[in-house]
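*Asks:* Taken in sequence, the protein lines are chains A and B.
With numbering that gives the first Met the number 0 applied, the first sequence covers 0 to 237.
With numbering that gives the first Met the number 0 applied, the second sequence covers 0 to 237.
It is worth saying that the hints were derived from the structure and are not from the lab.
A quick note: this is a predicted structure, and the numbers were derived from the prediction, not measured.
What you were told as hints is all true, and nothing was included just to trick you.
Subject to a maximum C-alpha distance of 25 Å in a straight line, what follows is the list of computed PhoX-like cross-link-like pairs (lysine-lysine):
(1) A/53 to A/168
(2) A/53 to B/34
(3) B/168 to A/34
(4) B/53 to B/168
(5) B/53 to A/34
(6) B/34 to A/168
Now for the letters of each chain:
There are 2 protein chains.
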Amino acid sequence: MSAQPEPKSTHRVVGIIGGMGPEATVDLMRRVIAKTPVRDDQDHIHLIVESNPKIPSRIAHLIEGSGPDPTPELVRVAANLQRAGADALAIPCNTAHAYADSIRRAVSIPLLDMVSLTVMEIAASGRTRVGLLASTAVHNTALYATAFSAHGIATLLPPRQEQVMELIKAVKRGDTGVPAQAALGRIALEMADRADVLLIGCSELSVISAGIAVPFVDSLDVLADAVVRFANRDRYTV
Amino acid sequence: MSAQPEPKSTHRVVGIIGGMGPEATVDLMRRVIAKTPVRDDQDHIHLIVESNPKIPSRIAHLIEGSGPDPTPELVRVAANLQRAGADALAIPCNTAHAYADSIRRAVSIPLLDMVSLTVMEIAASGRTRVGLLASTAVHNTALYATAFSAHGIATLLPPRQEQVMELIKAVKRGDTGVPAQAALGRIALEMADRADVLLIGCSELSVISAGIAVPFVDSLDVLADAVVRFANRDRYTV
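Next up, chain A with everything else stripped away, as it sits in the complex (with noise of 0.2 Å):
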């Protein structure tokens, strides 16, 4: 046996790309301490979260093509969190994996990635049809599209979709409450027929997903559990 240096500690530390938007990465935080069985504050997952509302919008840059390219202060950040101790990424924002590769070649740690997550759960569980709730951008650069395909599973796009956009926007000048919540059910339930469930690929619709009574795959949710599940394995495991 090789002479290790004493571990400082065994528990794994994630770091959150946050602020896209702020209320998305509260609630990304909210699930992951109500998904983690406690006693004292001890047996909490310990976090590092860049809320960082700067960063360049990315749907003024990939959709309305009028903003600044938002990829060198995504990079800084996943880099300053890994400076700063974290042993894994995840960002709670769907539009922002558009950047994804940029992000994994600036650390050394792993991404733990919310769309590839999220597809293998749903193709895992067999479905065929899904209908994606999610902000234009992630449509046009069909990040979900792409890799639901590559699993034989159609993506389909709600009848109105700038009905979406202007929720996700409601969200971000913080109007969360129980208008937006109904209207984002009502989105829901004329998809629902065409689907055989429904995917919430926006941490914005995450936050205003009460209203929603038909089947659905929440990405903010699949996320929270990778968060969980990563930390609460051993450091010194592979």
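Chain A is already provided as a structure; the job is to place chain B on it using the hints.
*Replies:* Just chain B, lined up with the frame of chain A:
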């Protein structure tokens, strides 16, 4: 005029020494979001949060005499947040302010001191008798009582402090529902006759404050206001 380096950013970043407990940290973030008027993500405040529930128990160290000193880990997190880009620090845990001097010495950025800010707010309001809802560690260290007495303000304790301590431990186990809220409401009611105002001086109790029907000041809310004020002031003004 002397040459100045190009400012990379004019907004100020607040570092949160969190995880004591994680629920209270999320609650502070939620309050900061709610207090910030926004139209889009970019208007929100940039936070770097180390939610580190592995920091040794302040209660075990200060009152049970059974645990390790949390100072080294608090100081490490403070320095880590400054290195990551924080322009000021905040700690959403009143009890941890017993270690505030050590934290201040470890960094060259200001600490938005929740205890001092709360005492100043109550002193400015002219109240002279404060009913303090806090951990037994806060009472034993006279963290608030000493600061209040400098302003001629008397600090009153609950008739059955052990009930308050039970509630704090319940929140740390994740028990934040209506029964816990109602129990805190009853304790508050019992104290209301003897005090001009109640003070929630424990961020776990802030999480379950919804059942309190008498006037109170919440230290976590005072801290959230200070975070918003600090972050919205331009980095290059004094």
